[in-house]
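*Asks:* Keeping their order, the protein sequence lines are chains A and B. Just so you know, we're using our numbering here: the first sequence kicks off at 1379 and counts up by one. Just so you know, we're using our numbering here: the second sequence kicks off at 1379 and counts up by one.
These aren't lab readings, by the way, just hints derived from the structure by calculation. Each hint can be trusted.
Same chains, same label: a pair holds when it works inside one copy or across any pair of copies.
Listed below are the simulated SDA-like cross-link pairs for lysine to any residue, each with C-alpha atoms no more than 25 Å apart in a straight line:
(1) Lys1426 to Thr1410
(2) Lys1395 to Ser1423
(3) Lys1395 to Asn1407
(4) Lys1426 to Ile1413
(5) Lys1481 to Arg1405
(6) Lys1426 to Ile1401
(7) Lys1426 to Leu1386
(8) Lys1395 to Ala1439
(9) Lys1426 to Asn1466
(10) Lys1426 to Arg1391
(11) Lys1395 to Thr1410
(12) Lys1426 to Arg1405
(13) Lys1481 to Asp1392
(14) Lys1426 to Tyr1451
(15) Lys1395 to Gly1462
(16) Lys1426 to Val1409
(17) Lys1481 to Thr1410
Protein chains: 2
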Amino acid sequence: MNALGKHLLLELRDCNKEGLDDIDFIRINMVTAAIAAGATVMGESFHKFSPQGVSGVVVIAESHLSVHTWPEYAYAAADIFTCGTSVNPRIAADVLIEALRCKSPNLTEVQRGILVAVA
Amino acid sequence: MNALGKHLLLELRDCNKEGLDDIDFIRINMVTAAIAAGATVMGESFHKFSPQGVSGVVVIAESHLSVHTWPEYAYAAADIFTCGTSVNPRIAADVLIEALRCKSPNLTEVQRGILVAVA
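Make a model of the complete structure from these sequences and hints.
*Replies:* Encoded structure:
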């Protein structure tokens, strides 16, 4: 029996501040993280805030990735929500942690949805 | 002291199956939920899957809302992630629960990010 969804909550402290405030850098690494995990990208929406910070989501065929950054605190909150067994969300987490040069990552895994039998 | 972000994880069981499979219905109610909560909508991305199911995200100035539906199980996983004090994510949750005619909602609140002083 597996849960329908696997949801990783990433608390990314002590990140590189410049990267956190660069929307193109954040977008590229979020999409790269999704593809590296084996996901199929369906759409995305990213926004830069004034004076600082980036928010963005990548919708994948297997659910979504999201990120919100606070460069002033060298902090980002990221979520990697996947369903099915063909995607490995831990790989996406590793890509983000490395790209943001995060020195203090914390990862919580939450099982989402009802339990269903898997082949 | 407040956390940077407030993250509601909604497990929505026993929902109306037709609503869960209707991308326009899901999109309208996600955007309505965001606005009702006091959020500013910045972008969105929704997708319909075959044979069934909808995924979608609404990026708001105060973070994001996401939803993934499994009509075959009458189930949806929704997330409402907000920052700041001007948005009430519980109102967005109530809008979704009512719209989906969810008979068995479960809500978990997670504090995200570092603690910061508020005025």
